[in-house]
Amino acid sequence: MNDQVNNVYATGKRVSLRPLTLLDAEGPWHTWFSNEETMKYVGYWRPNTVEKQKNFFRSRVEAGDDLVLAVTRNDTQQHIGVVSLSGINWIHRYADVALIIGDEASRKQAVFGLEAFSMILRIGFMRLNLENIKGGFIEGNEHSERILKAMRFNFVGRVNDLFLINNSRHDHVIVQLTRGEWLERN
Amino acid sequence: MQTKSRIFLLVAKILNIDVNLINEDLSPIDIESWDSLKHMSILMALEEEFNLTLSDEEMVSVGCVGDLLRLVDSPRDRF
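Top to bottom, those sequences are chains Z and U.
Reading the first sequence from the start, the letters are residues 1 to 186 in our numbering.
Reading the second sequence from the start, the letters are residues 1 to 79 in our numbering.
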C-alpha cells in the first residue's frame with residue numbers, strides 16, 4: 001500500500017494520479033465495472049471479477065502502450081477512479097482520453113473528476129507532447145458532456161444510433177482538443 | 001449590482017435555493033443539490049455572466065462560493 005501511495009505520477013490540489021498495480025484489482029477498481037450506474041453510459045456492461053481485472057491490468061496497463069492511471073483523493077488516498085490516454089499514436093501524436101470516477105460519493109462532487117481530467121490533459125500535451133486528444137461520449141451522458149465542454153473540447157461529429165441502451169438508441173458524440181487550443185487557455 | 005451579489009444570485013439560481021442561504025464558505029459538502037452537474041453549470045454560468053475564459057487550473061481551484069469571487073476579482077492578463 002505504501003508503494004502505491006508514494007508512487008505518485010502527478011499531484012493536484014485534491015487528487016493525485018499514480019500507476020495502477022495488480023493489488024488495485026483486488027480493491028474497489030474491479031467493482032466499478034459491474035455497477036449499472038457507473039457503466040450506464042460507457043457502453044459496456046458485463047459482470048466483472050478480480051481475475052478479469054487482473055487480466056485487464058496485465059494486458060492493457062502493464063504490457064500495453066496505454067497510459068492508465070489511478071485517481072486517488074489527496075485527503076484519504078482512496079482510489080476513486082481511473083483516467084487514461086489510450087490508442088496513443090506516436091507518429092501522428094494523438095490519443096483518446098477517458099475518465100471513470102467509480103466511487104459514488106466522489107462522483108457526486110465534480111471537483112475530483114474535473115481535476116483528474118485536467119491533469120491527464122496536461123500530461124498528454126506537456127509530457128507526452130501529443131498534438132491532438134480525442135474523446136467521445138454517449139448522447140445523454142451529461143457528466144461527460146459538461147466536463148468536455150468545460151475543458152473546451154470541440155464537438156466534431158457523431159455516429160448516429162451507435163449504442164443500444166435500455167432498448168433506446170443513442171448517438172456517439174466525437175470530440176477533439178488540439179494542443180494549440182489547450183495552450184491558449186493554459 | 002456588486003460582483004458578490006451577482007455571484008450569490010447565480011449560485012442560488014442554479015442550486016435552486018434561497019439566496020439568503022448563500023455565503024462565501026458554502027461548498028458542495030454543505031448543499032446536497034450542489035452535485036457534479038450543478039458544479040459544472042456554476043462554472044459555465046460564471047464564465048458567461050462575467051465574460052471570462054477560465055483556465056483548467058482556475059476551474060479546478062473552485063471549492064466554494066468564495067473561490068468564485070476570487071476568480072472574478074483576480075487580475076487577468078489574457079484580455
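Calculated from the structure, these hints are not laboratory results.
Careful, some of the hints might be misleading.
What the simulated footprint calls covered on chain Z by chain U, stretch by stretch (three residues with Cβ under 8 Å from a Cβ of chain U suffice, anywhere in the stretch; the number is not a length) [said to hold, decoys possible]: (1) 102 to 110; (2) 118 to 128; (3) 140 to 149.
Beta carbons are placed, not taken as given, at the ideal position from N, Cα and C, and that holds for glycine.
Each hint, compared with the structure:
1. 102 to 110: holds (count 4)
2. 118 to 128: Coverage by chain U holds for the region 118 to 128 of chain Z (3 residues, Cβ < 8 Å).
3. 140 to 149: Our answer is that it holds, as 5 residues pass the Cβ test (under 8 Å) against chain U, meeting three.
In the structure shown, no violation is registered for any of the earlier numbered hints.
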